[in-house]
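Peer 1: Here is how the chains run, residue by residue.
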Amino acid sequence: MPIIIVLVVLAVIVLGLLGWVAGSYNGLVRLRNQLENAWAQIDVQLKRRCDLIPNIVETVKGYAKHESGTLEKVIQARNMALAAKTVGERAEAENILSGTLKSLFAVTEAYPDLKANQNFLALQEELTSTENKIAFSRQFYNDSVMTFNTHIEVFPQNIIAGMFHFVRREFFEVKDEAAREAPKVAF
Amino acid sequence: MWEAIRANRRRSAVLITGMALVLFALGALGGNALAGPDGAIIGLGVALIIWGVQLAIYATNAEAVLLTGVFAKELKREDSPQLFNVVEEMKIAAGLPFMPRIHLIDDPAPNAFAVGNKPDHSAICVTTGLLHRLNRDELQGVIAHEIGHLKNRDVQFMTLAAVMLGSIVILSDVVLRTMRFGGRSRRRDDERAGGGQLQLILFVVAILFAILGPVMAQLLYFACSRKREYLADASGAQFTRYPEGLASALEKISQAQIAPTFANKATAPLFIINPFSGTGVPPVQSQATNGRDARSTFSLFSTHPPTAERIRILRGMTGAALADYEAAYRQAKGTGLIGTQTLSADQPQPVRAASADEPIKTRQQARDLSYRAHGYLTVHCNCGLDISIPEGYEQDTIRCIRCGRVLPIPAASVAVQSQTANPEPRTMQYTRTGTGSPRSERGWESFRCECGRTVQLSPSFNAPHIRCTGCGRDIQIS
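These protein sequences, in sequence, are chains A and B. For the first sequence, the positions run 329 to 515 when the numbering used here is used. For the second sequence, the positions run 48 to 525 when the numbering used here is used.
Just chain A, same shape as in the assembly (with noise of 0.2 Å):
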């Protein structure tokens, strides 16, 4: 008699167990997908902007036909970004794309006629709004890292993630203050 209460024991916390590691999984996958949707989001939005830059690089052309060397370099940095590789990589290029993008439209400040081109005016809003998306998927990204790289760090989880190769993620960081904000769009 003993014996059958112990191992009815027995059966019920290794039950209880497997329970927690199915539990523990399946949360460490929803978050892992939860954060590859993320990633995928980000991408979505850089690549609309790589679509965007030939549009506004046209357009402005033009009208400012003497500004041919900021124009060659936001072609030079879009193209950098589309090459990338890493996560680390990917974020210095884009960097770099934010950069020339801002310098781009001061230059496009002294154009008039360009700031009255409705085609413009569309892009200029789509690329803004495209500048704002990136900023907040990326905000969204690094929360989800953030939130994954808890989970798996933290004990009793660390074992489940180690057991099924969880691994910390990167996160998708911008290096100085000035380019974390948009390119000022002013007129």
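Please note that a few of the clues may not be correct.
[To be verified] Cut-off 20 Å, straight-line C-alpha distance, at most; resulting in silico cross-link-like pairs (EDC-like, lysine to aspartate or glutamate):
(1) B:Lys-120 <-> B:Asp-85
(2) A:Lys-375 <-> A:Glu-364
(3) A:Lys-375 <-> A:Glu-454
(4) B:Lys-274 <-> B:Asp-167
(5) B:Lys-123 <-> A:Glu-364
(6) B:Lys-123 <-> A:Glu-454
Derived from the structure by calculation, the hints contain no laboratory data. The structure displayed is predicted, hence computed values, not measured ones.
Take the given structure of chain A and dock chain B to it, following the hints.
Peer 2: Leaving out everything else, chain B in the frame of chain A:
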């Protein structure tokens, strides 16, 4: 956030079962009083039907019903790219997996709300008064507040409450008003027909509603805890990383002092600022005029916390994280607000800089947006007047009401049929007049399809053809 979601789920369950119990009890008692045990069963059946209809409305198209109730019209992306961008930015910041639809109410009172019974069935609604008062940062703050409601699942619960309790409130208003104004003639009719029984039933029903109406209204106010508004403010500040945007928006909204024409008792709790509160009257002024009344209505009937307090808390934040809001709230109220589970996942966030100034829409531009959403056709007269013509106007010309010129209404004409094989659908063609009205938002052009539907061309439209949303015909643009 997690605590808020759990609380809302619990409240929804309580509301649905509570509503069922109240309705069933009233049905059974009412029926019993009228016609004994048989009547009780009939009364129960009627109650069951009312409850079922309420649930069905909630489950199927609650947001459509509520949005129609406030005369909102859905906007398309090309109508207002900026508004769409702002909503999308906040959707990304909140990590929502779906994009809410955007509706516009043409009303000078600035306000906004969100509805929806399911996450993927939600809509955010703003007024034209809001659009022409707020700059981008402020608009972002308001939208972030609404997205915060969506994220906390407040919207689902509030929609449920508006449908279940609000329907009874409105029904009781209607019944009582008919009794008051139409009672006499009906009584005479009934006596002539010998319908004493019917009269009695009507009387009992009226009494029931007279009791039920105010009780439900009261419940509706209890349902919308003010804590929820503070929580949405906290998420708004966190998503935008810019508490000042929402604070200054709330300030502008509360200073507007315009009574809205669209809200009713059922939908009032949904709005960002209570449309009936007479807005956030400055305390000094209210003290001088009707101080005691204003105070007591705040404490008893207010669906929203005093706006001045919300602004003070937002301005008291030292960072943009939830913990900063919690600290500011603690300082103002002395108690905590946000659940510990949510706070433990919180990280310090710096406040970002204000974004560049952009021109705010003029009142006319905001109204044009609403006209476009409602399918109005704009004809520009040489005397400088813009004439907005509603859909369904059938003549081909219109006389300018200022100078008397007869103006043709732009319309697509049937294209020459090239092939005989497939006569339906016929293709149409429309020649652009080049410019839209100079006064309405730059460059929009509108014309009428043969089916009567207005087709709008955005300034950046440059495709060779467009599909009519009414008849689906292909219209060539030249």
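Peer 1: Hey, Lys-375 of chain A versus Glu-364 of chain A, does the alpha-carbon distance stay inside 20 Å?
Peer 2: holds (16 Å)
Peer 1: What's the verdict on Lys-120 of chain B and Asp-85 of chain B, does the C-alpha distance respect the 20 Å limit or exceed it?
Peer 2: Given pair Lys-120 of chain B, Asp-85 of chain B is violated - Cα atoms ~47 Å apart, limit 20 Å.
Peer 1: Does Lys-123 of chain B pair with Glu-454 of chain A here, judged by a C-alpha cut-off of 20 Å?
Peer 2: It holds: about 16 Å lies between the C-alpha atoms, which stays within 20 Å.
Peer 1: Does Lys-375 of chain A pair with Glu-454 of chain A here, judged by a C-alpha cut-off of 20 Å?
Peer 2: holds (13 Å)
Peer 1: Mind checking the alpha carbons of Lys-274 of chain B and Asp-167 of chain B for me, to see if they're no more than 20 Å apart?
Peer 2: violated (25 Å)
Peer 1: Holds or violated: Lys-123 of chain B and Glu-364 of chain A, Cα atoms, limit 20 Å.
Peer 2: This hinted pair is violated, its Cα atoms lying about 30 Å apart.
This entry does not satisfy hints 1, 4, 5, going by the numbered hints stated previously.
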